[in-house]
Each structure stands twice: as structure tokens, then as C-alpha cells.
Amino acid sequence: MNPSQSAQVVRPAGSPVAGRKIAFWMLATFFLCVAGAQSLAGNPVDVPTISGGMGPCTADFTVVDTSNQPVFDAKIHVRMKYGFLSTRYTELEVGTNSDGRARMEGLPEKLKKPPMEFTIRKGDATKSVTNDPAVECHPTFNVTLGK
Numbered sequence: 001m002n003p004s005q006s007a008q009v010v011r012p013a014g015s016p017v018a019g020r021k022i023a024f025w026m027l028a029t030f031f032l033c034v035a036g037a038q039s040l041a042g043n044p045v046d047v048p049t050i051s052g053g054m055g056p057c058t059a060d061f062t063v064v065d066t067s068n069q070p071v072f073d074a075k076i077h078v079r080m081k082y083g084f085l086s087t088r089y090t091e092l093e094v095g096t097n098s099d100g101r102a103r104m105e106g107l108p109e110k111l112k113k114p115p116m117e118f119t120i121r122k123g124d125a126t127k128s129v130t131n132d133p134a135v136e137c138h139p140t141f142n143v144t145l146g147k
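If you're matching positions, the sequence shown starts at 1 in my numbering and goes up one per residue.
These aren't lab readings, by the way, just hints derived from the structure by calculation. All C-beta atoms, glycine included, are put in the ideal place defined by N, C-alpha and C. Be careful, since some hints might not be right.
Stated by the list, open to error - Derived CB-CB ranges, DEER-like:
1. Val47 / Tyr89: 55 to 63 Å
2. Lys113 / Lys75: 34 to 42 Å
3. Pro56 / Thr130: 18 to 26 Å
4. Val47 / Thr126: 19 to 27 Å
5. Asp60 / Lys110: 19 to 27 Å
6. Leu32 / Tyr89: 16 to 24 Å
7. Asn68 / Ala28: 20 to 28 Å
8. Gly52 / Thr29: 41 to 49 Å
9. Ser128 / Asn68: 17 to 25 Å
10. His138 / Gly19: 51 to 59 Å
11. Ala125 / Pro56: 27 to 35 Å
Stated by the list, open to error - Listed next, the in silico DSSO-like pairs over lysine-lysine satisfying Cα-Cα at most 30 Å (straight line):
12. Lys112 / Lys127
13. Lys75 / Lys112
14. Lys113 / Lys81
15. Lys113 / Lys75
16. Lys112 / Lys81
17. Lys110 / Lys81
18. Lys21 / Lys81
19. Lys75 / Lys21
20. Lys75 / Lys110
21. Lys127 / Lys113
22. Lys122 / Lys81
23. Lys127 / Lys110
24. Lys127 / Lys75
Using the sequences and the accompanying hints, generate a full structural model.
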């Protein structure tokens, strides 16, 4: 054998290096299987969220009907006025998910003319709720729609 050629190193199967490699690959396979099983299990229903990008406040909504069942795709609307003489405005609207939940983020902390009025509607049923973000920046509304 030439000195320029190197011989392959062959280790027996019971060597510590081979054992560590096998343990590493078994552990990696286990974690990949666990991660795959979690993704197949499914996520809970995501809450629809919209952001106004005007501040740190949020508003969480849960909309139910008169029989206390969640209302799917109830529209929640708010119009925020700002600027000189309140000539500019931003309108946000989000629909509820199958659990009757929705969230608005990025709402302003201070208003020139409080309170902020949220209108919730589904079909002919409409209800309004108000909030002054200077008093409560992260309100939660439980709304019952019905006739």
C-alpha cells in the first residue's frame, strides 16, 4: 500500500462512536414523528383578527344567538375618525369564526370624540356596543344577537 493512499477506518458495530450515531438518529426520528403527529392533530379554530395599526388597544368579541349558540360570520364593524376636524377615518370589519369569536387589534388608545362604537350584525339582527379606550384598552364583549 502506498503512503499516499489512506486506508478506510472500519469500526466494529459495538463501538461507542457507532452507538452515539445510532442514538442520535433514533432521537431525531422520534422528534420528527412527534412533530408530525402534532401537526396532524389539527389546530383549534383560529380567531379572525384585523388590525387598524393605530395603537396598542384590542377588542375581543364573542357573538351568540338567543339560544346561546355561536354565530358564524357575524360582521363586526367600527369606524374611527382622526386628523384635523376628524376629516379622516378608518373603517374595520371582521367576521366571526365558527365559535362566534373575532378580534380587532391596533385600535387607538385615545380618541378625540369617545366612545368607539362597534356594530355587530348578522342578517336582520343588529346590536351596537361602545368602548372608551382611554378607560379600558382591552375590552371583551359578549354579544347576544336576536330579535
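Measuring from beta carbon to beta carbon, are Pro56 and Thr130 in 18 to 26 Å? Distance hint for Pro56, Thr130 holds at roughly 19 Å.
Would you mind confirming whether the straight-line C-alpha gap from Lys110 to Lys81 stays at or under 30 Å? Between Lys110 and Lys81 the Cα gap is close to 11 Å, so the pair holds against 30 Å.
Between Asp60 and Lys110, is the Cβ distance one that fits in 19 to 27 Å? Holds - the Cβ-Cβ distance for Asp60 and Lys110, about 20 Å, lies within 19 to 27 Å.
Is the gap between the beta carbons of Val47 and Tyr89 within 55 to 63 Å? Roughly 25 Å apart at Cβ, these two residues miss the hinted range, so it is violated.
Hint check: Lys127 vs Lys113, CA-CA at most 30 Å. Holds or violated? holds, 21 Å
Please work out if Lys113 and Lys75 have their alpha carbons no farther apart than 30 Å. Since the Cα atoms of Lys113 and Lys75 sit roughly 24 Å apart, the hinted pair holds (cutoff 30 Å).
Ala125 and Pro56, beta-carbon distance inside 27 to 35 Å? Holds, since Ala125 and Pro56 (Cβ atoms, about 31 Å apart) stay within the stated range.
Against the range 20 to 28 Å, how does the distance between the Cβ atoms of Asn68 and Ala28 compare: consistent or not? With Cβ atoms ~48 Å apart, the hint is violated.
Hinted pair Lys127 and Lys110, Cα distance within 30 Å: holds, 24 Å
Given the hint that Lys75 pairs with Lys110, does the C-alpha gap stay at or below 30 Å? Status holds; Cα separation ~24 Å.
Taking 30 Å as the top limit, are the C-alpha atoms of Lys112 and Lys127 close enough? Given that 30 Å is the threshold and the Cα spacing comes to 24 Å, the pair holds.
For Lys21 and Lys81, compute the direct alpha-carbon distance and say whether it is at most 30 Å. The hint is violated at about 64 Å.
When each numbered hint is compared with the structure, violations occur for hints 1, 2, 6, 7, 18 and 19.
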